[in-house]
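> Given the coordinates of chain A, work out where chain B should sit on it, guided by the hints.
What follows is the residue order along each chain.
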Amino acid sequence: MENTNQTLLDVRDLRISFFTDEGEVRAVDGISFSMKPGETLAVVGESGSGKSVTAMALTRLVPSPPARYLGGEIIFKGRDTLKLSPEELRRVRGAQISYIFQEPSTSLNPVFQIRSQIAEAIELHRRDVKDVDAEAERLLTLVGIRDARLRMGDYPHQLSGGMQQRVMIAMALACNPSLLVADEPTTALDVTIQAQIMELLKELKQKLGMAIMLITHNFSIVADIADNIAVMFRGKIVEYGPTQRVLHEPQHPYTKALLECIPRLGAHKHRLKTINHAEIEAALGR
Amino acid sequence: MTAYIIRRLLTVIPITLGVLLLVFFIYRVIGGDPAARLAGKNATPQKIEQIRKQYGFDKPKFFNWQEAAKTGSPAAAFDSQFWHLVGQFAQLDFGKSLQSNQRISRMLADGVVPSLCVTTPIFLVELSVAIALALICAFYRGTRIDRTFVVVSIVAMSISGLVYIMMGQYFFAFRLRWFPVWGFESPAFLLLPVAIGVIAGIGGSLRFYRTIMLDEMYQDYVRTAFAKGCSQREVLFKHVLKNAAIPILTNVVVAIPFLYTGSLMLESFFGIPGLGRMTVDAIYTGDEPVLFAMVFIGSVIFVIANLVTDLLYTWADPRIRLQ
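Chains as they are written, first to last, in the working numbering: chain A, 17 to 302; chain B, 154 to 476.
Wrong hints could be hidden among the right ones.
[Stated by the list, open to error] One side only, chain A facing chain B, incomplete, derived with CB under 8 angstroms:
{"#": "1", "residue": "Arg107"}
{"#": "2", "residue": "Glu119"}
{"#": "3", "residue": "Ala137"}
{"#": "4", "residue": "Asn234"}
{"#": "5", "residue": "Arg250"}
In case anyone wonders, no lab produced these hints; they're calculated from the structure.
Note that beta-carbon positions come from the ideal geometry of N, C-alpha and C, so glycine has one too.
Next up, chain B with everything else stripped away, as it sits in the complex:
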């Protein structure tokens, strides 16, 4: 088991390397000259050249063959933009923001708390309500109650998140004054964004969990349980729920890395100073080091979350053995 965990953790290396290569390619190869972007519209060629030197953008992108040939040492070939980035990230040094010149590690630490304050309650409320409603649907499958839930979820998931945000802000915050409109000062400021996050997401989750539960309802072991004399309640909560645990786990754990990245839309519209807003700003301003850091950390969390899922599988399903 320990060997398995270590082996899985080692896959972080090729995966993050690949992900970094991809974003690096998008921003430095396709995205144009970062020095020109930084220097602004009316910069002189000298100014651009100076910035290029300062940030190391003048070095070759992937391999510095010239330098290697000159000095005769193969290690010099790695004196390039990409491998400097890799070396820096390997030491968990994310550098400084191009825009604010703040240390990125500091920015991440500041942003993660507001992000988690929004995403974690949304995640937990949505998960528990969706599973409870899915069980109700499975209980009343094929009846009017079940169909009503399905129709309402489809309607709810068909409406754009922006509509919920603007309606919520206009009616409940501005008109009725039940909630603050914008800001991040006290827990009351979280109520509206969390409620909107739950409402916007619950339709899809409910339909997903309902499908899982109904799939299970038509399995042979359910027929056996009924034939033994189990009640609907016993069948659902004991037999079906434990079997449905595997697809539920998969869905849940895959969502966990996104708790950290924050909700881009909710944070922008409600003025929550979290990582989601930071990422959106970095995209707008071309603040590459911030984006690289977010992508890097996101992929590491993703690999770990997947490992946790696989470990939980063995608990949920005795047929699964990890080697």
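The following block holds chain A by itself, in its conformation from the complex:
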């Protein structure tokens, strides 16, 4: 048993299902993992593996219904977020656990200025801040937006995708969270911008010391940022361990298959690999 003071987040046997007309869909099927303060955990898996639901569930952001939280615990700083009242939960969201999402262009509210969206995050949790505009400007500068004061009057559609994601990050950092959940933060961006955003996350992690939970389907971006990797497949964690171990000595056939899907320079002799699900399920013994 680990010392709770050393653990920021401890998820135990979490189970979440969606009940639809066609029956139960087990999105998250009994997963456990833990994170230390300042740790970066990458959760890797294909679409529909349950990684986003896991991330959203940390502050009960998955709407219920249709989802049902069937069991398990999410102990964050010693308290189970699944048992918090809506009021207490709102004090965790955005303040201690904040999120950035996949599509910055739709995740920002299209009809409000950048200024008011960041100001809202500050005003919700930090009543003591007097000059909200100055604080918003500081945050925008922190995430590498030049002429922050001028940009604050812009609407989201006036910014590029990379800039929008920087604004999302600034908003997420507004209250100095101890855990930043980045749900596919670079998927909607082109490759050079992806690299810039990952670089920014790494830099902010060093500067601010927060833990990061990075959700992705892309193994190639996790190597230099993650301390640990959890590989998810069909609602379960099939492989979980330190980054170097998982990348170089993958144990599970699904991890191996995922790693083989990464295209490599110079390896153009073969067709790009795809994942054969029948093979993996056979290996899982289902």
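Quick look at chain B alone, frame taken from chain A:
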């Protein structure tokens, strides 16, 4: 911006011309001889001919080529029924009613106030109640409260307006004597028709606004707002309502021209001397000038209302620019 507004206002010309052409076609080409209709059942051919001359129905319908060829001036080709009507309307002269021989401008001025007295309160009450209920539905989406509202609205909109009118008049006006049954003498006479108008219309509006709100509830920015720590109330009233403003505006402004035309059914059943009743009477008696005037004014208001919507869009949504 000014150039844009002027350009949009100029579209009134082709639109009203097209609308006039359409009603003219329906009444003068398909609808038969207006002179025979006016003269009554047992008129002599001489009498009909005289009426035809008097109202100019003897002229060609669209173009007077004969006259143009005779005089050699192309302008004479426009000496026809349709172009006389256009020329008259261009000067905002609507002529006289065939039935009462009253000036139509006078009839319009007299009728518009009673019409607005009925339609405006219905419109405002229905709009605000429907939006408030739609927000409640969005707040309790998927729960029993939400479903109850949906079922009640479907039931309410499935019942014919006539049923509300007759039940209302029989039970609340005749039996219980809470309201006057018929007439237009004091504000009390408006209560029942307004209440019935609201009840008959609110089901459809509620379902429309609820759909808009729910559409917005599943947008990514709503998830972001919740992730920031906003409460349901903050999400609904701040984030969702402002985004829902565009479809709401469209719906609202499109309804405005109908405030002026009045409610055909309510005015007929409650004896309100408004434009709706005037239009229904004109249809029954074939009083063409009245119908032409109503259609003409209706289309002008419609174009203006659409322009106002587009101008309001730029206020509601910063992504929209008019050029």
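> Confirm or reject each hint.
Cross-check of the supplied hints:
1. Arg107: holds, 7 angstroms
2. Glu119: holds, 6 angstroms
3. Ala137: Check passed: Cβ of Ala137 (chain A) comes within 5 angstroms of chain B, closer than 8 angstroms.
4. Asn234: Hint violated; Asn234 (chain A) Cβ to chain B Cβ min 20 angstroms, cut 8 angstroms.
5. Arg250: Violated. Min distance 24 angstroms.
Taken one by one, the earlier hints fail for this structure at numbers 4, 5, listed in ascending order.
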